[in-house]
Amino acid sequence: MTDSSADSPAVVVEGLAKRFGRQEVIHDLSLNIARGSAFGFLGPNGAGKTTTLKLLMGLLRREAGNVRVLGVDPAVDDTTVKRRVGYVPEQQFIYRWMRVSDAIRFCRPLYPTWNDDRCAELLKLFALDPGKKVKELSKGNVVKLALLLAMAHEPELLILDEPMAGLDPLVRDDLLDGVLRTLCDRERTLVFSSHAMPDVQRMADRIGIIDEGVLLYDGPSDTLLNTTKRLRAVLPNGRTPDRLPDGVICHRVSGREWLITVRDFTPETVRKLTAAGGITHVDVIDLNLEEIFKDYIRGRRAATCET
Amino acid sequence: MRNLMWKDLRQNRNLLLAVGVILGVIYLLPLLVFLAMGLLNPFQRESWRRLLESLTVSSFIAVWVTVLLMLPAIACSLITGERADRTSQFAAYLPIPRGKAVASRFAVAILCSLAFLLLSGLVCLGCVALTSSFYGRLAFIPNDLLQVARVAATICLLMFGLACFWSSLLSSPVQAVLAVLGTAAVLATVFLRIHDRPFAAYGVAPVLGLVSACVGAWICHRRLVL
Chain A
31 MTDSSADSPA
41 VVVEGLAKRF
51 GRQEVIHDLS
61 LNIARGSAFG
71 FLGPNGAGKT
81 TTLKLLMGLL
91 RREAGNVRVL
101 GVDPAVDDTT
111 VKRRVGYVPE
121 QQFIYRWMRV
131 SDAIRFCRPL
141 YPTWNDDRCA
151 ELLKLFALDP
161 GKKVKELSKG
171 NVVKLALLLA
181 MAHEPELLIL
191 DEPMAGLDPL
201 VRDDLLDGVL
211 RTLCDRERTL
221 VFSSHAMPDV
231 QRMADRIGII
241 DEGVLLYDGP
251 SDTLLNTTKR
261 LRAVLPNGRT
271 PDRLPDGVIC
281 HRVSGREWLI
291 TVRDFTPETV
301 RKLTAAGGIT
311 HVDVIDLNLE
321 EIFKDYIRGR
331 RAATCET
Chain B
6 MRNLMWKDLR
16 QNRNLLLAVG
26 VILGVIYLLP
36 LLVFLAMGLL
46 NPFQRESWRR
56 LLESLTVSSF
66 IAVWVTVLLM
76 LPAIACSLIT
86 GERADRTSQF
96 AAYLPIPRGK
106 AVASRFAVAI
116 LCSLAFLLLS
126 GLVCLGCVAL
136 TSSFYGRLAF
146 IPNDLLQVAR
156 VAATICLLMF
166 GLACFWSSLL
176 SSPVQAVLAV
186 LGTAAVLATV
196 FLRIHDRPFA
206 AYGVAPVLGL
216 VSACVGAWIC
226 HRRLVL
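Chains as they are written, first to last, in our numbering: chain A, 31 to 337; chain B, 6 to 231.
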């Protein structure tokens, strides 16, 4: 059954699970990405980002759960999904013997929505020489070609799996420019994973943080940035209160200094903290996305170690 | 489909060229030996006869090299090659129906194999015909030409089927070719041991080849990344 109407979410994932052998790499993952939004997927290496994105494209078989991409289950009809989605993986394996023009000519008939004008525009924007062979292109230009092939058919959903890893800032700017132009041009959905926090902060209006196959956070990027705070408290006797306040992501003690990162911060959080452990002084520190991301991962790993 | 076949053909262009060069070397070898040893006298009929006889032997060798080595190499490279160099991952992101992708690879493998078989077969027949002109009868041809063709076709089917089967399982064309040759050697040993029914192999081998090819195609179709 498919539901590809314009008001339905672009991506719906419910209870997704994936194993490689005995290792469970995705555990009970649920996501709901609205059309027209830009979803940034953050996670350390091996967290399950690529696996999730491959499952969305129907490139892997899932063990459990439901996946709908633009209303279509990729496990049932991956060809339809691939026609409507542009996908750029981390590593490019475009046929090295092809010229840029050959790659375009090869992909063009595969997409009913291929737009020659858009293709020409992207060729110009990325300054790609159609006569050059893929094996003669620099790494950055190969990624640009992959992005061109993914965007020239006007996809409803663009999935980028860390394509900008290892590229210089100028090339990254070119690529981001291309992606943002495509996104702004029409209401399209973007799902991307990246380790480059400034890129994520610039593009994503929604963020998901994943570690070891478990989704730790899924929500608007503004909410994440505005309501996640680090509290620095001075412990009178060097001992933390028996009961931690609600919404603690990560905490650590260094001498008498106690650093706590909390989600859903309100002035009430400080009051509760001071009331709980005889703490007299609390500083509230704003965090950037990278610090928040690190604290989410550290917090989960510390919790995993404790249990 | 034409798009995919063009890609499959172009992707294996180097291998196909190599097969052509190897066959060319096999054909040219007698001529080079004759020239190097000064055995070729263009004004002596006997010299031409001996060269044509050598060429005929070479052309027979070329046919068997094609059947036993080139055919599995072409099939294995076409089916496994993209998996080995990971370009199949690029194709996997594109909206290519798996049935079409498998059909394209198998079609190109069959067409290329047939082309080389036909070429080597025709060269062989041509050499035999030319040599026979010296004798006024067909030389070097076993009495039952049809029987030879039947044996060759049987082995072709078996080798192609095994190539399809092993290529669908393995991720390296070299490994797949070695597996094909190993399996073929085992089967040949088994068939040769059936002394009382030597022609049983002619019935079993093609069926085995067809079944292997079908199983190989099915496994390929089941793969998410071909």
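Honestly, the hints are just simulated from the structure, not real lab data.
Only a predicted model underlies this, so the values are computations on that prediction, with no experimental measurement involved.
Heads up, some of the hints might be wrong.
[Said to hold, decoys possible] When the alpha-carbon atoms are kept at most 20 Å apart in a straight line, the in silico DMTMM-like pairs for lysine to aspartate or glutamate are as follows: (1) Lys163(A) to Asp90(B); (2) Lys169(A) to Glu58(B); (3) Lys324(A) to Glu192(A).
Failing hints, ascending?
-> 2
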